[in-house]
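So the chains spell out like this:
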Amino acid sequence: MDTDTCAPGAVEPPDGPGPSAARAALLVLADGRFPAGGHAHSGGAEAAVKAGRIRDAATLEAFCRGRLHTTGLTAAGLAAAATAGLDPLDLDDAADARTPSPALRAAARRLGRQLTRAARAAWPSPELDALAAARPRGAHQPVVLGLAARAAGLAPLDAAYAAGYEAVSGPATAAVRLLSLDPFDATAVLAGLAPALDRVAHEAAEAARRAAFEGLDVLPAVSAPLLDIAAEQHAAWPVRLFAS
Amino acid sequence: MTSAVAGPAVDAGLRAAAHIVAAPDGRGGTGLPVLDGAGPFALRRLRPQGPEAHVRLVGAMSAPLGGDLLGLTVEVADGAALRFSTTAATIALPGRTGAPAAYDTRIHVGEGATLRWLPEQLISARGSDLRSTTRIELAPTARLVLREEQVLGRVGEDPGRLASRLTVRRAGRPLFDQELTYGPGAPGWDGGAVLGGHRAVGQLLVVDPAFEEHPVPPRLLGTTAALTPLAGPAVVVSAVAPDALRLRRLLDAGVTTVFDGDGGVRAFW
Chain V
1 MDTDTCAPGA VEPPDGPGPS AARAALLVLA DGRFPAGGHA HSGGAEAAVK
51 AGRIRDAATL EAFCRGRLHT TGLTAAGLAA AATAGLDPLD LDDAADARTP
101 SPALRAAARR LGRQLTRAAR AAWPSPELDA LAAARPRGAH QPVVLGLAAR
151 AAGLAPLDAA YAAGYEAVSG PATAAVRLLS LDPFDATAVL AGLAPALDRV
201 AHEAAEAARR AAFEGLDVLP AVSAPLLDIA AEQHAAWPVR LFAS
Chain Z
1 MTSAVAGPAV DAGLRAAAHI VAAPDGRGGT GLPVLDGAGP FALRRLRPQG
51 PEAHVRLVGA MSAPLGGDLL GLTVEVADGA ALRFSTTAAT IALPGRTGAP
101 AAYDTRIHVG EGATLRWLPE QLISARGSDL RSTTRIELAP TARLVLREEQ
151 VLGRVGEDPG RLASRLTVRR AGRPLFDQEL TYGPGAPGWD GGAVLGGHRA
201 VGQLLVVDPA FEEHPVPPRL LGTTAALTPL AGPAVVVSAV APDALRLRRL
251 LDAGVTTVFD GDGGVRAFW
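Chains V and Z are the protein sequences, given in the same order.
With full-length UniProt numbering, letter number 128 in the first sequence gets 128, and the count goes up by one each step, no holes.
With full-length UniProt numbering, letter number 145 in the second sequence gets 145, and the count goes up by one each step, no holes.
Careful, some of the hints might be misleading.
What the hints assert, rightly or not - Cβ-Cβ distance ranges computed for the label pairs, FRET-style:
no., chain 1, residue 1, chain 2, residue 2, range
1, V, A130, Z, A210, 42 to 52 Å
2, Z, A38, V, V239, 54 to 64 Å
3, Z, G26, V, R240, 54 to 64 Å
4, Z, G197, V, G215, 34 to 44 Å
5, Z, P215, V, P183, 38 to 48 Å
6, Z, E157, V, G215, 33 to 43 Å
7, V, P35, Z, D78, 44 to 54 Å
8, Z, T256, V, P136, 36 to 46 Å
Stated by the list, open to error - Chain V side only, calculated, beta carbon under 10 Å to chain Z, not exhaustive:
no., residue
9, G43
10, A45
11, A48
Please keep in mind that the hints were generated in silico from the structure rather than gathered at the bench.
Quick reminder that beta carbons are idealized off the backbone N, C-alpha and C, glycines included.
Chain V extracted, bound-state conformation (with noise of 0.2 Å):
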């Protein structure tokens, strides 16, 4: 439960498939160019800048650092838990229970169905086959980009880097958009928060590496009340530049 006493480095080496020997293919996933439709999503961002949460880049970092350290970290820890080949119809089932917002699993859904499709084109794989058969509306997003990384031979701690980074990349490019923000101070922003997503990166990886000898529900399910409630708001808006 600890959020502060995971030090980068103490996680021991991974034992997915490939051990680290695929970390090139961290920057295809973790692009933001890469087909699965994040662009389309905020984050939490376009809610929180309506309510006067986000106003400048100090409000930003805060906001990013909160997100990243609750559902960014539960993210990443579903994500890592995928690529170290627990099963991903018992992660999404976890997910589904660490997604108390309709409007947020809905968007999941969404995302994992965009993502499973632009996988299964970059690295095909029998696991994402049989994810998609399962789930034809789609599996939550983290489990699918832990089922991606695993698919191209990336380690539990390469998803989850991935999934923290996604948790804080998004609102930040957002905010751009939404408060015509200075894209420099955004980036400094992303900048600032990289200490913190190693240490939520590893913590995530050391929570998976557990997860398969104690179980799924040493998962970190951390969860942010203003994310769950101001998503639901976001969805009942008539009109939205971002989907969630």
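Fit chain Z to the known structure of chain V by using the hints.
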């Protein structure tokens, strides 16, 4: 059977356990064959309401202190009905050693059984460090109402560190799993994604198999609260507020919304 035992001098904390068993009494009501607690766990048997037994935890206000280890085990047997309440808010306070306190609650609700778990607020005082874990196993036909309210700091006070995990499994499957961390050591907890400057946060969880046939749509309750259906037969009202009083109002509004619908859960409240 269980009792409060003063911890060894090295950790200067209290170790206490309590155990509640509610079971049908054979006359249409619910008996309490086990009601066992000591130290901070002074349990009182209140007048039952219809088939529902009522246990109230009294005098909980000064625990847990840092270093304390508190455990509460509750069994609601098949067909029983139990209400649990507390007389006052629970205040997490710093201990002498800086060690965290742990409050561990394990609950099992059997077939056709009902549990209404309605404690008062948990207040995280400055300098405190509490890890609260609540794990609930529900039989497929069990029903649950659970209210959880957290207040971060007493009036005008910064909060301590609070980490709480609520895990609800139904028929052996995960239904709701939520971890909340606030205060020092929880980066970004006060930012716009998590609490946005609010100091009271809470939820009301209702699990009832009747939701399978009478699903409740999501509903907004003002700008800082929402009622949402979970992926299983359950709904949760989530709210943040400036203070405990306004939080309770939001959760009460959520209760009204859930139970005034035309679904099959009305009689439950």
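Okay, the hints, checked on the actual structure:
1. V:A130 - Z:A210: 42 to 52 Å: Check failed, 35 Å falls outside 42 to 52 Å.
2. Z:A38 - V:V239: 54 to 64 Å: 60 Å, holds
3. Z:G26 - V:R240: 54 to 64 Å: Once the Cβ atoms are compared, 58 Å apart, the range 54 to 64 Å for R240 (chain V) and G26 (chain Z) holds.
4. Z:G197 - V:G215: 34 to 44 Å: At roughly 37 Å between Cβ atoms, G215 (chain V) and G197 (chain Z) fall inside 34 to 44 Å, so the hint holds.
5. Z:P215 - V:P183: 38 to 48 Å: 43 Å, holds
6. Z:E157 - V:G215: 33 to 43 Å: Holds: the Cβ-Cβ distance is about 38 Å, inside 33 to 43 Å.
7. V:P35 - Z:D78: 44 to 54 Å: The hint (44 to 54 Å, Cβ to Cβ) holds, given that P35 (chain V) and D78 (chain Z) are roughly 53 Å apart.
8. Z:T256 - V:P136: 36 to 46 Å: 38 Å, holds
9. G43: OK, holds: G43 (chain V) within 10 Å of chain Z, min 9 Å.
10. A45: 9 Å, holds
11. A48: Because about 5 Å separates A48 (chain V) from the closest Cβ in chain Z, which is inside the 10 Å limit, the hint holds.
Hint 1 from the list above is the single one not met by this structure.
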